[in-house]
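J.: Next come the chains, spelled out residue by residue.
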Amino acid sequence: MPAEPPSGRGAAVLRRWDSALIATLLLVTLAAALAVDGFATGRNAQFLLLDAVAIGLVALPVTLIVVTGEIDLSVASTLGLCSAVMGQLWVSGWPLELVVLTAVALGALLGAVNGLFVTGFGLPALAVTIGTLAAYRGLAFVVLGDRAVADFPRAWTDAVGGTALAGAVPAAMLVTAVAAAGCAVLLHATPLGRSLFAIGNNAEAARFSGIAVARTKFWLFVSCGAVSGLAGVFWTLRYASARADNGQGLELAVVAAVLLGGVSIFGGRGTLAGVCAGVLLLVTLRNALQLADVPADTLDIVTGSLLILSVLAPRALTALRRTPTTRT
Amino acid sequence: MTRAHPRELGVLAALLLLIAGTAAANPRFLSAQSVRDLLLSAAILTVLAAGQTVVVLTRNIDLSVGSVLGLAAFGTADLLATHPGTPLPLAALAGITIGALCGALNGALISYGGVPALVITLGTLYVLRGAAHSWAAGRQINAADLPRPFLDLGTATVLGIPLLALLATAVVLAVALWLHSYRSGRELYAIGSEPAAAARAGVPAGRRIRTAFLLSGSLAGLAGVLYAARYGTVDATAGQGMELQVVAAVVVGGVAIFGGSGSVTGAALGALLLTCIGSSLAVLRVDPFWQQAVVGALILAAIGLDRLLTTRLAARAARTAPEVSRAG
Amino acid sequence: DGDDGGPGPGAGPEPTAQADPDAPLRPDLSVAFLPKQVNNPYFTVARGGGERATAEFAGTFKEVGPSEASASSQVSYINTLTQQGTDVIAISANDPGAVCGALNSARDAGAVVVTFDSDTRAECRDLFINQATAEDVARTQVELIAGQIGGAGEIAILSATPNATNQNTWIALMEEELARPAYADIEIVAVAYGNDEDEKSFQETQGLLRSHPDLAGIVSPTTVGLAAAARYLSGSEYAGRVALTGLGTPNQLRQFVHDGTVESFALWNPADLGYLAAHAGAALASGRLTGAEGETFTAGDLGEFTVGPDGVIALGPPTVFDAATVDDYDF
Amino acid sequence: MPDPTAAPPPALRLHRVAKSFGAVTAVSDVSLTLHPGRVHALAGENGAGKSTLVRMLAGVHRPDRGTLELDGHPTVLRDPAAARAAGIAVIHQEPTLFPDLSIAENLYLSRQPTGRLGRIDRRALRAATTAQLARLGVTLDPDRPARGLSIADQQLVEIARALSLDARIFVMDEPTAALSGTEAARLAAVVRGLCDRGAAVLFISHRFEEIFGLAHDITVLRDGRHVSTDPADRLTPDTVVRRMVGRDVGALYPKTPTTPGDTVLEVTGLTRHGAFHDISFSVRRGEILALAGLVGAGRSEVVRAVFGVDRYDAGTVTVAGRPLPAGSPAAAMAAGLALVPEDRRQQGLVLQLSVERNTALTRLRRLARHGLLTTRRERADALHWTERLRVRHGGTHTPAGTLSGGNQQKIVLAKWLATEPAVLILDEPTRGIDIGTKAEVHRMMSELAARGLAIVMVSSELPEVLGMADRILVLHEGRATATLPGPGATAETVMAAATGHPGGAA
Ligand SMILES: Nc1ncnc2c1ncn2[C@@H]1O[C@H](COP(=O)(O)OP(=O)(O)OP(=O)(O)O)[C@@H](O)[C@H]1O
Ligand SMILES: Nc1ncnc2c1ncn2[C@@H]1O[C@H](COP(=O)(O)OP(=O)(O)OP(=O)(O)O)[C@@H](O)[C@H]1O
Ligand SMILES: [Mg+2]
Ligand SMILES: [Mg+2]
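Chains as they are written, first to last, in my numbering: chain A, 2 to 329; chain C, 17 to 344; chain E, 75 to 405; chain G, -10 to 495.
Read the hints as simulated data drawn from the structure, not as lab findings.
Below, computed lysine to any residue pairings styled on SDA-like, alpha-carbon distance capped at 25 Å: (1) Lys136(E) x Val37(A); (2) Lys136(E) x Arg44(A); (3) Lys136(E) x Leu300(A); (4) Lys136(E) x Ser150(C); (5) Lys136(E) x Ser147(E).
Chain A with its partners taken away, still in its complex shape:
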């Protein structure tokens, strides 16, 4: 909160949060491997990683957007609309290559609409994307209605669910990992990344420094749309089913993963490594608990508690460390 005087510990705490998160991830994985039957198998690892693809993919651009102090809640609806359009185009006989490209381009267009409302009209992103969350999902139903398009070529659906690197890793996960690495470099080691942090902390000062704030945000929304479109393509092919309600509710999971990863909802703070660890932790925990037959309502409770802990724990740590010095 800006109420706090900014402290030099901010960055350090964040780094420590990253490490803590990664340590937790390893610990959870280890514990699950020892305690849960069927967790430590190659096939389960693949199921797990495949489950992480859609959330992970969408979390990347959402992270960038949240770092600039905005938010995009329409990602899941964009995914759904792109999936629906994909299905519609495929049944009307378009070649699949073209269908895929169109879906991604459509995603970019939908993102551009968000971006226009946010940067062009100066409306709060939370409000705008709640609106488009409803609108895009609605359009998906307009396009595909109650139908489900399922007859995608086996070669494509197999490729999406298939593996790479000698069968060790799902191919889609490999793509996601590469994208994550690219985003990490972009965010932490390029001029653009620096300006995102500046915008998130103080957009006015960024503008006074010659950073094209509106344009940057606009293109972030566009790329977020495009990536959501891509995630829609992945979703459609992975489940071999184009439906208007694909990915419903994914936005909350994505936001949860991003926040768990240590990105500040007020913008200007966060790391991509943290987000990746956040995504994997969420997915791994769900997978392990499911295998341990933990009921769904408990899963929800665990997810929620984890989120709460994710912000309270770093606070508690700093407070503990500070206590002895202030109480003199």
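Please arrange chains C, E and G with the ligands on chain A, whose structure you already have, making use of the hints.
T.: Then chains C, E and G with the ligands, alone, in the frame of chain A:
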């Protein structure tokens, strides 16, 4: 001037436009029963929006209201079903207490932890929903299990006006009076407008924020009681997804999502507008596949219109009276 | 197999093994129910039936599933069940196609798959336990509403979501049924969708009454919709003037049957559905059934059932509840 | 002047207080006594620890060591509310207002006059606000929200807020930094009035004429340590400066005459409705043009529009003969413009980011290699500039917000000087800067002009304007009222034009 509230006028204009349009297409939209239904439908959302407004004004947000509503609704219904002799005021108090406890939990975590409300309440959204599911364990409480007088509350009218609508109006007026005319109410605006300045001015921000969440929780609890009375069928999913509607109502009603400005009457109008959109679409028999898309588009239109009016008025003020800001 | 995944007209893979009706039931069968959504009262009742059946053949029973009705989360639960080496998976599918890949992996790993309530494509399960044939459901509802409005007038349908497969099938068949000369005076004037939400169902009911002043009756082939519409009607000026029927549970509607808002309505017994699904799964896993048309087996105290075309077993015609019978049931 | 020993017990006594932030020691072992009816001035370089002391008195910081006594009673100020309850009113260096609340509520938050049933009496609230503002000679509408007030107006509201408190001790941290002479003089009169009523005042300023005009006692701080406390009449500005800085300071306003070159920046007919109207001027290489005027005259808005941060309704801006697209700071920077904005905390710096991130912000592309930017390069660059401007900081990786006000200002200067602009626009460049650095900044301006830079300077300090400018453009209520040659201008001619009576001007 701060006297006139252009933001509320914007929502009111949108509302009147919608009602006029719908009534033109189907005059029965304005029949007594229809207006009663509209007010009834809006009552629960309005109560939630009033609580949400108080929280949003302080630069926080309460995403857990849907889950709190569910918990309170189920709790109240369960109490009445298992102890049919319970006096109704006591049952209502029980529901409100459940909500108040949830609100107190949120407020305590947020103010003592000094952590973002969005993350905490996203967490409690999951946790409380999970708790409701564990409690209900798949049970459903039906109209036949509930005492007749309780169910009658949901449909009773006073002088032809639904009781629930009167209750909601009373809540809105009370909150509006507090926010507008009492020092502690004004302090909520101060906290949201500039937390650092509030700290310097010696505003007890932590206490005020806890109060805001307590109020939001209690009102969500009250909304839960109203929900049970109105629908008569309650299971653990009551109010699921309601949080986005509430936030949308508040934002459409002109409350700044980053705190400091807006009014509870505006939020109430926003709730009425959203409900009205739903009802008009049903009355106009808009293609169901189009409905959600139209709702989204109308939300965007409403916040866009609001922004347009605000900037127009500001620009006009600047042009016609360049010295207005310094005029004595 | 070389199937391209299309919804081809052919049924599932031809059963290769021969059914042995006298084979002993395998001991220690693990049975898993995977409903569309856990904690949904309807599926909670079905689960009770499944549990009872499993206890009868001394297997182990569990219910797993997502807290929100989505196909993708079902897939991850199917994967989990596959990992755990479950013998019988009884699933009510959120999407006929999306769960196919995962179900086939489960079958490759040795599980048998029974669908109930909501089917998948035929090639990815062994049997489908149909709660009632769509024709029966449609016919029953048409008969009920026709009787309640005296054989003539405008009626409307309040469905679940616009993309609910079951409801859409029933609505289509009801329209066919109403096309018969006996129902010439009945006209469907609108189909509304309450999305299985109370508030939306309320609003849609109001909308129907507003835009069709001469409406004589409403049919709601979904439990949430019917309960919401009943609640709305009972407290409005339309109570007693507009007939209401559809599919609902006795517990939800008892109140409204007694106060006259609803004269009669229909539903199968979800507990029986779960019971039959579990027994069918056990019979499949033990080799008593292969899923081929014409095979018969005994499902505990429900008696004997025959496998129909496409591996479908029908539970039977829906039960009709009215003021005289509604109190005999508790679900 | 009353004898301190005969005076009533000190209103406030700080005894050997200290405060550190991590490795940075802001204040160590400082004692200070405030007497009723006396003004005590605090002098020191940027980062000497003045504001830290103020924050201890305000209840924002708790001292690590040392004690505080009020009227002889040891007291602990837990939070700002406690300080206020103890009768201490504080004007902070950086005004923090509630942008969404009206000016009236900014003044009287939590203390609004109430009527029946505890309801706020808005009429009384408005009247009280108008009266308070009138004391300072300000005519702001009490109902207008604080958002969009200029820095000076914000400062005035902050002052009015403190004065409206019924306090016995007034602590004023650079209250006049953003004010022009008229307002400052009015504040001085108010302060004297407070003293006459028996209040104790702690007053901080970098302007010596104010210190010596007001103070009874002067305490000098250096590097967080107490250097000296003396009655003002036993000191001269030179001794104070020497004690502050520990060395002699170069001349202020060392403007060396240059021969102006080609015109680089040309502004014609620039208009934004409601802000400024038909402003035209041009600046040549080597020339310093000053924009003068009263607070709120629209100078800042003009330069913001020129730089492209604000839009304008009519007019053109050309740089080196090429028209500049409106509304694009990036384009302005590409054309060689730089703007040091007036509000360093909102516009100049990203307070949460480190010093090195801030200095690099204007040159991200230039500092990158193969498109990649490393912290190491940013750090090396930041070290170079912070040394050049003698910035006092706890390491270039510390957030800019932890620097003292003056040092923050230097970071803003650094990030813009580093762009090597052709036209440098400075909006209140020395606001809150200590006298030593001020001389340094002025010397640098002269040097840059001599090297062929065109400089546009907005300043509310008349001596600075008269001392540095080659030409002076005077604005009054958004319109240009006079263009005066720098050397020939006097305080009178500038003020005449600034108040809308350019008759006396040449
Ligand atoms: N919150 C903080 N965290 C870390 N260091 C701080 C903090 N606040 C102040 N400092 C450091 O303490 C020292 C004193 O700062 P202070 O603001 O008191 O100076 P000052 O005398 O008011 O200077 P100026 O004249 O520039 O306003 C500076 O070196 C500053 O960097
Ligand atoms: N964003 C804004 N919204 C509304 N009014 C504004 C805004 N910015 C400035 N003003 C008002 O416009 C007038 C001109 O302000 P400006 O800052 O340009 O004056 P200035 O001559 O630079 O004086 P100062 O010394 O105060 O900076 C002031 O009265 C100020 O309050
Ligand atoms: Mg200072
Ligand atoms: Mg200015």
